[in-house]
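Go by the hints and put chains B, C and D onto chain A.
Protein chains: 4
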Amino acid sequence: MGKILVLYYSKDGSTKKMAEYIADGVAQIPAIDIRIKSVGEATRDDVIWCDGIAVGSPTYLGTVAAPMKKFWEDMLPDWQKIDGKIGCAFSSQGGWGGGAELTCQALMTIMINFGFLVFGVPDYSGHQFTTHYGATQAGEPRADKEIESCRRLGKRLAEWVAVYVDGRTDLHPLNGLYKRNPWDK
Amino acid sequence: MGKILVLYYSKDGSTKKMAEYIADGVAQIPAIDIRIKSVGEATRDDVIWCDGIAVGSPTYLGTVAAPMKKFWEDMLPDWQKIDGKIGCAFSSQGGWGGGAELTCQALMTIMINFGFLVFGVPDYSGHQFTTHYGATQAGEPRADKEIESCRRLGKRLAEWVAVYVDGRTDLHPLNGLYKRNPWDK
Amino acid sequence: MGKILVLYYSKDGSTKKMAEYIADGVAQIPAIDIRIKSVGEATRDDVIWCDGIAVGSPTYLGTVAAPMKKFWEDMLPDWQKIDGKIGCAFSSQGGWGGGAELTCQALMTIMINFGFLVFGVPDYSGHQFTTHYGATQAGEPRADKEIESCRRLGKRLAEWVAVYVDGRTDLHPLNGLYKRNPWDK
Amino acid sequence: MGKILVLYYSKDGSTKKMAEYIADGVAQIPAIDIRIKSVGEATRDDVIWCDGIAVGSPTYLGTVAAPMKKFWEDMLPDWQKIDGKIGCAFSSQGGWGGGAELTCQALMTIMINFGFLVFGVPDYSGHQFTTHYGATQAGEPRADKEIESCRRLGKRLAEWVAVYVDGRTDLHPLNGLYKRNPWDK
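Residue numbers (our numbering), protein chains in the order written: chain A, 1 to 185; chain B, 1 to 185; chain C, 1 to 185; chain D, 1 to 185.
Next comes chain A alone, as it looks inside the complex (with noise of 0.2 Å):
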């Protein structure tokens, strides 16, 4: 039973918001055991423990916030017992065009530092909406397709864990189980 770990760094609760959202869609894959925890509340065991993760900080001057890098720069000395882990990002900005992405990149980055496989997801979730290197929003998510794209998100992410770490790879998304993007027939 795959184990996924939702981790955020939260000051005004949008960010919040967007890990509550991503753990509904978590939640949409059968047999996946979900964990949401705040930098403050999340422990070293916690990320040991999951095989797949989402982490989330709001973006502060176009990358991660200080408490969230801290929190991974603290697990370096446990590097070589969490490797391999698979593992997504999400951001809230100030406004669009307000280095979400470039933050989610980051965090990406972060994760690959420790021999994490990191994916986005190509899907559209709305109209001029998508969530391609991570779940990306400004301020808290409100729209329905912002909405979908925290969830989207999570569930993508225990796709992967139930697909590469428990073999079901009839959730491969190539076996078009669902829509991909709204114009998709």
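Take the hints with a grain of salt, since some may be wrong.
Since copy identity is lost for identical chains, a pair holds within one copy or between any two.
Claimed, not checked - Below, in silico cross-link-like pairs of lysine-lysine (DSS-like), each with a Cα-Cα straight-line distance of 30 Å or less:
hint, residue 1, residue 2
1, Lys185, Lys37
2, Lys179, Lys145
3, Lys70, Lys179
4, Lys145, Lys3
5, Lys3, Lys81
6, Lys37, Lys70
7, Lys37, Lys16
8, Lys145, Lys81
9, Lys70, Lys16
10, Lys37, Lys145
11, Lys11, Lys179
12, Lys185, Lys70
13, Lys37, Lys3
14, Lys185, Lys11
Everything labelled a hint here was simulated from the structure, so no lab data went into it.
Structure of chains B, C and D alone, referenced to chain A:
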């Protein structure tokens, strides 16, 4: 009299539309000479000519479109003739979260390679809308804040050229000639 | 039996040399089928065929060479047929500090757009030499640690394909089959 | 008289060593005032004071160390007082390929957020050694080309401040006052 080139590649017209609004913004600063050219129209002499440059490409796969990349690869033999220009970036993507920030960053990386000084605009052009690493857009700009984002980028480029190349220090943003954000008093 | 494509673009031969060492590394893992092809030789069928892929480009202006970028732009219509592969990157630059890390990151961004899971190698292949975001090189690999960096990337790619696609979980790096760093005991 | 701040965070002394060589390079340009300070020593007034800034952090997990990130997050309330400075980056990493380029890029992203104009140095400081996106190092600089890379970055920063802030246009690199690459005639 400062000289500015707005250089773009556009296939469906969205990035071209951004280029036009950026040129509008440049024109808000007096005594600046402007050229606006596509990759097919611009020559090496246009690049050597200018003091400041705004470079725009659609986002294809999270980075610069191949024809724009090729343009700059072809400029490489001339690099010692074009050092020290002031540059900025813009990009149209298929959807929000679709990589336009990453493309702007890649365009700035290319310019940094040529010795350019690159910048973004910290200002917000409207509610939850910024130009921090260049102007980004999903499709073409339509809303006021989207159009203003392009204009503000062009205006700031013209200001930096005026301040740093032409010595018109009164145009420096720190002199507070206009509001940077909608909520500023 | 896992299938791996080593895909490269090379003008002066340095990136091709890296590709060959990477293929050597792939061959260290039994029962993996390998193809090594340049951008001119590879077809869309090669990409669709493989489970894992190593993509290499020289660093031009801090990012991917235009011909490699064009290759992937041409693959776009097929994206729903190639989702979920396991990918990694390599690049040869003119000098250290010359952008090969940025190019590897751009190559990974391209792969993430197609839905691939991308990774680097946390291991050190020798004194002050790593493969954290893919194999990077100034010119062509000559020193042992430089050659081993390429080989280790290919080997790790083959391991991930074996573990995640073929279910050979004994090959997971956490099982400690070999030393990750020269100073490990 | 141009004012330059060399700001660094250093734990094992490698990034501090780089900062000292960068300050050496700044001192090669006459009539520039220099301060060199660690994150613990520098105040907001030092940042407001300077016209140009070189910012250095060790590479931790492919990006900026948390204490340096926190320094800039704490500067956020002052952003409208520090717009338009000229900035560059430097970083020491554990090994080549270890993320120092990515860290320099992240430091430049932070500076771009504050409205700074950022640059790298196209020059080669020796065989296969560049400073394209800032000065990068594995451990501390020891070889001549490594030390010269740091000095060249500081010198160029001082040149840009002299040219753009102080109007000493004779110092512009296009005036060819010195060789940019070892192989230039």
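Status of each hint after checking the structure:
1. Lys185 x Lys37: neither (37 Å within a copy, 35 Å between copies)
2. Lys179 x Lys145: within (14 Å within a copy, 32 Å between copies)
3. Lys70 x Lys179: between (39 Å within a copy, 28 Å between copies)
4. Lys145 x Lys3: within (26 Å within a copy, 36 Å between copies)
5. Lys3 x Lys81: both (16 Å within a copy, 28 Å between copies)
6. Lys37 x Lys70: both (16 Å within a copy, 22 Å between copies)
7. Lys37 x Lys16: within (9 Å within a copy, 36 Å between copies)
8. Lys145 x Lys81: For Lys145 and Lys81, the Cα distance is within 30 Å only across copies (24 Å; inside one copy 37 Å).
9. Lys70 x Lys16: both (18 Å within a copy, 21 Å between copies)
10. Lys37 x Lys145: Classified as within: same-chain Cα gap 24 Å, cross-chain 36 Å, threshold 30 Å.
11. Lys11 x Lys179: between (35 Å within a copy, 27 Å between copies)
12. Lys185 x Lys70: between (45 Å within a copy, 28 Å between copies)
13. Lys37 x Lys3: Answer is within: at 13 Å inside a copy they meet the 30 Å cutoff, but 38 Å across does not.
14. Lys185 x Lys11: Close across copies (26 Å), not inside one copy (41 Å); limit 30 Å.
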